[in-house]
Amino acid sequence: MNQLQLLGAVEIGLIYSLVAIGVYITFKVIDFPDLTVDGSFTLGAAVSSTMIFAGHDPYFATLVAIAAGCVAGAVTGYLNVRWGILGLLAGILSMTALYSVNLRIMGRPNIAIIDSSTVFGDWNIIIVILAVTIIAILLLTRFFASEFGLAIRAVGINPKVSSAYGIKVGAMKIVALSISNGIIALAGSLFAQSQGFADISMGTGTIIVGLASVIIGEALVHPERIWVALLTCAAGSILYRIAIAFALNAHDIGLEASDLNLITALLVALTMIATKFKKKNEVRTI
Amino acid sequence: MIELKNLHVIFNKGTKLENHVLKDIDFKVIDGQFVTIIGGNGAGKSTLMNVLSGNIKPTEGNVFIDNMDVTNMSVESRSGLVSRVFQDPMIGTFADFSIEENMSIALKRGTKRGLAMGINKASRSQFKEALSEIGIGLEGRLTDKVSSLSGGQRQALSLVMATLLGSKILLLDEHTAALDPKIAKKIMQLTDKIVKTHNLTALMITHSMSQALEYGDRTIMMYHGKIVRDMHGQERTGLSSADLVKYFDL
Amino acid sequence: MKGFLFSCVMLTLGLASSAIGAKKSVITINQFVSHVSLDASRDGLRQALLERKITPEKADIILSNAQGNISNSVQISKHHASLKPQFMVSIATPSAQTNLKAKGEDSTLAFLAVTDPKSANLSDQKNVIGVTDYPPIEKLVDIAISIIPNLQKMGVIYNSGEVNSIKIIGDLEAILKTHNIELKRVSINSSNDIKNAMNQLIGAVDVIYLPQDNSVVSAIDNVVSISLKAGVPIIANDPTLVDRGVLVAIGANYFDSGKQLGNMIADLIEGKFLAQNIQNSATEELKINQKSAKSFGLTIPKDLMNGVKK
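Chains as they are written, first to last, in this note's numbering: chain A, 1 to 286; chain B, 287 to 536; chain C, 537 to 846.
Some clues are possibly wrong.
To spell it out: a stretch of chain C is covered by chain A in this simulated footprint if at least three of its residues, at any positions, have a beta carbon under 8 angstroms from a beta carbon of chain A; those stretches are [stated by the list, open to error]:
hint, segment
1, 578 to 592
2, 630 to 639
When the alpha-carbon atoms are kept at most 25 angstroms apart in a straight line, the in silico BS3-like pairs for lysine-lysine are as follows [unchecked claim]:
hint, chain 1, residue 1, chain 2, residue 2
3, B, K482, B, K471
4, B, K431, A, K28
5, B, K309, A, K168
6, A, K168, B, K314
7, B, K309, B, K479
8, B, K343, B, K299
9, A, K160, B, K454
10, B, K471, A, K168
11, A, K276, B, K482
Sample of chain C residues facing chain A (criterion: CB under 7 angstroms; computed from the structure) [said to hold, decoys possible]:
hint, residue
12, V562
13, N605
14, N608
15, V610
16, Q611
17, H615
18, S618
19, K654
20, S659
21, A710
Rather than coming from a laboratory, the hints here were simulated on the basis of the structure. Please read all numbers here as calculations on a predicted model, not as lab measurements. Built from N, CA and C at the ideal position, the CB exists for glycine as well.
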C-alpha cells in the first residue's frame, strides 16, 4: 500500500468515525439497536447538497443537515417510546420512510456539487474532518459527564432503576437518538461535500460499517471512560478502511472488491471471537 | 404521611386470568413510622409497595402522600417523595457506573438535570461524607465500578443512595433476602440507623419473622390481598416469631 | 495495550509495502455494478484496447467492481488514483463521480454508461473524456408511431432512484407532447414491484417504454411475458432487449460504446487528438422482433425492415 492509499483510507475512515460515534451512542450507551442510520446518513447528504446546489452557504447547509438528522432520530424515538414499537422496527420504519423523503428533498436521485463551495473550502479535507471529529468527541465527553448526560447513560445501564431516580427514560432515549442521528447526518453531509455529490443509494450498508468500527475499536482497547470509547470508535473506523485498502490491493491473489462484504463480515466475526477469548482468560472479581 | 384509600388492584380485568391482587385496602402511615410487612407468597405485599412507588397504577382507589393525590403520578415524578431499595443488589444500582457516578444519579433525584458537571469537588465531598456514615470504606473507592463490589456492599450503597436526599419515604423490598446472614444483619442494622438518623417513614417487606418484630414499630400482615392484622405498641411488643407463624395458620 | 501495539505493527507494514514501480501505463476500470449493459460496455472497451495492440505488456489494466456501494466506489477510486494511472475508466455515473474526485491532475477520466454528464458535472472538466449513452428517443417514438396504429397513450416503468431514467423520461414526455401522445408514469423501488407496475399500465396504455434502468432490465423476462399475454407491445432503446422479446429498440449498443471509448483511449495513447472529448454513442442499431410483431398482429412497414441490422 502506498501513501496515497493510506491517506485515502484515513480520509474516508475519519468521515465514517462520526458514523461509528453515532452508532456507539445508540447501540452501546442506551442499548438501542437503531437502524435509522442508513437513512439519516443519506438525509444529511441530501439536505446539504440540495441547499449547496441552490446556492446557500455551505456552513448553514451543514447545520440544517445536522438538525434534519436530529429530527429523524427523534421520530424513531417517538415511535418507540410513545407507541411502543420495538426499537429495531422503529428504526427500520424511519429508514424506509427516509428513502422517499430523501428523494423528495433532492428532487432527483443524484446531485453533483463538485464545483460548488463546501465547508472544506481550500483546506485539506483530512485536517478539517480530524478537527470536526475531535471537537465532536470533546463535546460529547463533556455532555456525558453532565447531570443530563449521566442520566442518559443510566438509562442504558438500568432503565427500571433509572425511573426510580426520577429519570424520564423515554425522554432520555429520544434525546440520545436525536443526538446520534444528528452526528450521522453530519457525517453524510461531510461525505457528500468531500466527494462532490450526493446519491440516493449512498446510505446502504452504513449501519454495518458503523457497527464494524465500534466492534473493532472495542476489541483493541476495552474502554473504561467515554472519551476513550469514542476515540476507539474513530480508530476502529480508520482501521476498518485500512483493512479494506489492503484487500483492494490484493487483487494479485484474486481478491475482488466484490468480496468486501464477506471480508467485513469475517473481520467483525473474528474480532468478536477474539474478544470472547480475552474475556475467558480474565479473572472475574466477585 | 401515607394514605391508601379504597385501593383495588386487579390484573387482567375481565379475562379468564383475572387476579384481584389488592382488595379494598385502607392503610395509613404517619410520619416517622417504621412498618414491617409480612405475608405469604401472593398476599400482595410487593404489589402494595409497587403502588406506593408508582410502578403499578391502582385499578380503583387513591394514593395520598402528604395529603397530595399521587395516584396517577409516574414513577419519575414520584421519585422525589419515595425512595426504594430493591431485593436484588445486582439490579438496584448501576453496575457499569462507578460509586460516585451512582451517587450523582441519586443526588439529582427529583430535580431537573442540567448540563452542569455531574460530579464536581462539592458533590464529591458530599458523597464521601454520606458514605463514611456507613463505615465500610466505600468513601475511599469513589471511582471503583460498582460491579466490583460484593452484594452486601452494593445493598449498603443502595441504602445510602436511597437516603442521600432525605426523601421522606423509604421502601425496602426484602432488601436483605439475597444476602448471606452475617451481611444481612449488618445491612439491617445500617438500615435501622439510617431510618432513625434521618427520621424517615419506612416500609419493609420481609420473610423473616424475627426481622419483622425486631425492627420497626408496627407490623402488618397481608393475606389474599387484604391486610388481616395490624399490630403496634403493646399488642406487638410481647410477640415472638413463633406467635407470628401461628397467625399464618389462622 | 496489546491491541494498540498490534495496530502500530499493521500500520508500519502497510507503509513499508510499496506498490511495484510501474514503468508501463496503467489503465484502471471502476465498474459500479454488474449488469448486462455495463458488462457489455466493459467487454467492448477491453476488446478495442486489444485490437489497438494495448496488450498486458504495454499497459496494466486493473478492474474493480463496487458492487453497487458508493463508499466502496470511493475507496476503489482512491486506490486506483494512487496507482497514478494514465486513464481512469468509470462505468456508470456514481463511479464517474467518485473517480472525478479522486483522480490526480495527470490522469484522464474516461466514462461509459453515463446518460447526463452535464448534471453529473462531468462536462466542462479538464482531462475528462467519455461516451454517453443518451438514447435516440425521438427516432424511437417515430418508429413506434409508424408501427402501432392509433398510438395515443404510452406507459413507462422506472426506478425513481435511477438518475439516468429521470432525465430520459423528462425528455420523452416533451417529445410525446409534440405528437399529442400522453405519458403515464409508474415508478418502482426495486424489481419486486415490476408485476404490479405492469398491471397498472396494461389496459391503460397502447405501448410501454422501458428505460435503461437496472431494476427494470433485470426483470425483463417477466415484463415481456406479461406484455405478450396482455397484447401490449414494449419499446426500448437497448437493442439487446429485443432478443428477449421487446418489440422494437433503437439505440446504442453498449458493447460498441465500449469499443468507441477504447478507441478514444488508444488514440490518446498514440498521441492523436480527439475530435470531441465527450461523444455520443456513434453506433446506432435498430432491432425488431418479428415474432412479437406477429403476436401483436402488427405489420412492420417495408422501409423500416430494410434498416434493420441482422
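Self-check item: Which numbered hints fail
Solution: Hint check: 1, 5, 6, 7, 10, 11, 12, 19, 20, 21 fail, others pass.
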